[in-house]
Amino acid sequence: MALSQAEVLTGLAEIVNEETGIDTTQVQMEKSFVDDLDIDSISMLTIVMNAEEKFGVTIPEEKVADLKTVADAVNFITEAQ
Amino acid sequence: MTRKIVVTGLGATTPLGGDVETTWRALLAGESGISTLEQEWVERHQLPVKFAGQAKVKAKDILSVPETKRLDPASQFALIAAREAWADAGTPEVAPERLAVEFATGIGGVWTLLDAYDTLNASGPRRVLPMTVPMLMANGPAAAIGMDIAARGGVRTAVSACASSTEAIANAIARLQSGAIDIVVAGGCEAAIHPLPIAAFASMHALSRNNENPTGASRPYDTARDGFVMGEGAGALVIETEEHALARGAKIYAYLVGGSVTSDAHHITAPDPEGTGAARAMIEALDQAGAKIEDVVHINAHATSTPVGDIAEYTALKRVFGDHLNKICVSATKSSTGHLLGGAGAIEAIFTVLALYERTAPPTLNLQNQDPEIPIDVVTSPRKLPEGEILAISNSFGFGGHNAVVAFRSAN
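Sequence lines, in order, name chains P and C.
According to the working numbering, the first sequence is numbered sequentially starting from 1.
According to the working numbering, the second sequence is numbered sequentially starting from 1.
Derived from the structure by calculation, the hints contain no laboratory data.
The model shown is predicted, which means the values in this text are computed figures rather than measured ones.
Some clues are possibly wrong.
Calculated lysine-lysine pairs in the DSS-like style (CA-CA distance at most 30 Å, straight line) [said to hold, decoys possible]:
(1) C:LYS60 - P:LYS54
(2) P:LYS54 - C:LYS58
(3) C:LYS69 - P:LYS68
(4) P:LYS31 - C:LYS69
(5) C:LYS69 - P:LYS63
(6) P:LYS54 - C:LYS69
Just chain C, with the same shape it has in the complex:
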C-alpha cells in the first residue's frame, strides 16, 4: 500500500533567526546571516577565512544549563529545532513505538571532540569529561531528540556530508511507507564553526575568502563566486502519514511526494561533471511523485557558490528538465544562510515547503553578474508561484559523491 505523506510541523535555528518564522521572514527580506567572526581564535590561528554564518540565537539562551553541558552544540541546535517542529505540529499524541527520528549531521560533535583533545593535552586523561563519547558521536543529535519526544520506533542518523539531512528526509518516507511508523521527526544539524574545520575546508580551497565583504561572499551562479560560506544551525520537519494527520486534525504544510538518494562513484570530493548521478536522483524523486517534469515550478538548488559545484548542478538540471528548465524558478538560499553542511538540506526543505505553502519563492542574494554558462531563471526577489497544484524539489549533494533529492507538492 502506498501511503500519502505530509509535512505537519517545522522548526529551525539558523544564521537568520532562532525559529522558522524569523528565519523565513528574514530570508524573504533579503537579509544575510553571514558576518565576520570576532572570536579570538581567528587571529590566533591566522585563519585565511574570517567569517561565517553563526546561529542568530545562541543555544545557551534557550536551553537549560544541564542541557548545554551534556549536549554538543550540534545536538543543542537539533533539540531546539525539533522542539519547535514538534510544538508546531501540535505536540501529536502518538504511540512511542510508532514514532521515529531520522536526524542527520555531516560532521557530528566536532567541538566536543576537539575540546576534549585540548583538555587531554593540557590536563591529562583524568580531566577528560565522562560525557565526551555520547556528546561527540554523530548519532548524538538524533538520540537527544528521540529521548525528548519519547520516540521508540527507531532513531537513526544519515551521514552523507552535505547531503545528510536531505537523505534523512528521504529515509523518513520509507519508514512511513513501511506501515510500522506514523510520525517521523526528520532533519539535520551542524555546529562546525570551529578553527579546525574552517582551516580544513580552507585548505581544500572550498571556502570563499572574501573577508572584506562577508555578506557578499556567498554568491551562487555569480561569475565572482569563489567558494562556500560555512553556516551552523538545524532544521526539523514533522512528517507523517496523511491518514494520521487528518485523524488528529493537523495543519498540513505540503505533501512529501518523493525522496531519492544516488551516488556518483566518481571522485571523493568533485561532483561528476556530467551530473548523471544527480540527475538520476531528481528523476527518481519525480517518478516516486508520479509527476512529470512539467509539474515542477520551483527548485531550491544545492548551489553552494563554488565554481565547479554550481556548474555541475546546472548540467544535471539541464539533463533532467531540458527546455522546461526555463520555466522553473530557482532559489539558492545558501547565499543568505551560508552552508549548514549536514543541516543544509533540512532548512532548505523547510524553505521549499514554505515556498509552496505561501506560494512565494525566496530570493538569491549577491547575483550581480550571472555566469553565462548557467542560464537559469534565478529568483533575486521574492517571486509569486502559480496557483493550483504545484511541485517543487530541493537538491543536496555531498563530498563522497552523495546525491539526495526530495520533492514536495502543494497541499493548500
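This is chain P alone, in the form it adopts within the complex:
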C-alpha cells in the first residue's frame, strides 16, 4: 500500500535525523536541504540511498540535484511508489 505524503515526510525526517542529528521536527516541507538544514552533499547522497531502501523506490542520480527542498523529495517519493 502506498504511503501518504505525511507518512513519507515522517519516514524521511527519521532518515535525516539518523544521518545528521537534525531534530525530526525541523524537517518541514518548505525547508531546503542545503540552505536551511545545512546538509552536505555526502549526507544528501546517504539520505537518498536510505530513502530508496526504506520506501522501495529508485531515485536516479541525475534527479538528486533537483531535490532541493524536503517537499521535492517527499513528492518524488510519494509519486514513485
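Place chain C on chain P using the hints.
Frame of chain P, contents of chain C only:
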C-alpha cells in the same frame, strides 16, 4: 632551543574500562579485559580463536547516532579517548594553528572496508555508502579528532603496525620542539575484532588459542605463552610545552623526555633476534632525555605474549641495561588489556605516565612459570616506585621491523 615537554591530559577507552580512571583502577586490581566472543560470526566461520579484549563500554552508548554512522569504530574509540584527554587537560585555550594531532592506527577502518565489500557483493555498487572512503582511511581517526578540537596545525597519522601510537607520541615531540606548535593530541586506536583480522592473525600463528581460558591466555614471559590476544580501544595524551602548560596553570602528569623510532630491516614480521634496532631505539630515547640507564626504574614492555617476541625484547633490554636490568621493574600490561595493536602504545604510555604520577607500577597477570630465559623482575602485584626524580620507558614494536620507544620522567 630545547623545550621541556609535559603530559597534561589523558583519555582512554579499553577492554578494562570506558575511561582512564576505570581502566587504571581495574589494571591495578588485576582484572582481565579478555572474554569469549559471543558474536554469531565466530561459529559461522569456525574461527580457531574465539576470544578477545572487547571495549568495556560500547562507543554507540557514548556518541551521537550521526557520529556512529559517519565514523568507523576505530575513529569512534579515538574520538572518545581524545575528548576525555582534552577535558582532562582543562579544555585548553590555544590558537588552532598552534594545535596539532598525531593520532595513529595499525589497520585503519577495517570494519567499514569489509562491510562495504559485503554490501557490494550482496546489493551492488549503488548500495555502497558515500562515506565509505573517509570512514575506512587510516587518517580518519586523526581527522575526526582534528575537526572536533579545531586543530589546524597539522593532523597526521603514523602507521607502523603495533608501534604506531608510540611513534605518534614520539612524533609529537618533534612538533613541539619545532616551536610552531604549543599542544599536540597524540595517541592511537584500533577496532579490528572482526572475523577477517582474527582469521588472518590466527593464520600466521600470532594469536593465542587458549579458548578454554580466555582470561589466562595473554601470559607474557610465562613458559606456556602461545601468542597474543587481540584487543580494541584507544588512548590519547595531551602533550604540550611546559611553558604553555605553566602559563595556563595546567596539571602536569609527567615530562615526556624522549621518543625514538628505529627499524630492523631484518624480516617483515619476525623481530631481530639480536634486538639491535630495539636497543638502539631505547638508547636514543634515553639520550634525548639526557638520562643514564641507572635513572630508569620501570619499563612498560611491549611483551605481547608470543614465544619469540618476548625473548627478543628481553635480549634488547639486556643489551641496553646490562646488570641494571635487575633493578628495573617490568610490567607487561597486555596480559590484562590484550593487544590493542595501533592503540597499544598509547594506552601503555598512559599506564607509564600514571605509574610515575602515582608511584605505582601495574601488575602483570598470568605469570605462573616464568621463562628461565627471561630472568627479569616482573611486577605481578602493584609495586611502589621510589620517591624522587624517576624515569620510565614504554616500548612498542611492530610488524615491518618498527621499534618505537618513549621515555617519561616524574614531575611530582
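*Taking only the CA atoms, is the gap from P:LYS54 to C:LYS58 under or equal to 30 Å?*
This hinted pair holds, its Cα atoms lying about 27 Å apart.
*Measure nothing beyond the straight line between the CA atoms of C:LYS69 and P:LYS63; if it is 30 Å or shorter, mark the hint as holding.*
holds, 25 Å
*Is the Cα-Cα distance between P:LYS54 and C:LYS69 30 Å or less?*
Holds: P:LYS54 and C:LYS69 sit about 17 Å apart, inside 30 Å.
*Given the hint that C:LYS69 pairs with P:LYS68, test it: the Cα-Cα distance must not exceed 30 Å.*
holds, 23 Å
*asked:* Just to be careful, I want the Cα atoms of C:LYS60 and P:LYS54 compared with a cutoff of 30 Å; is the pair within it?
replied: holds, 23 Å
*Taken at face value, is the distance from the CA of C:LYS69 to the CA of P:LYS31 at most 30 Å?*
This hinted pair holds, its Cα atoms lying about 23 Å apart.
Of the numbered hints stated above, none is contradicted by the structure.
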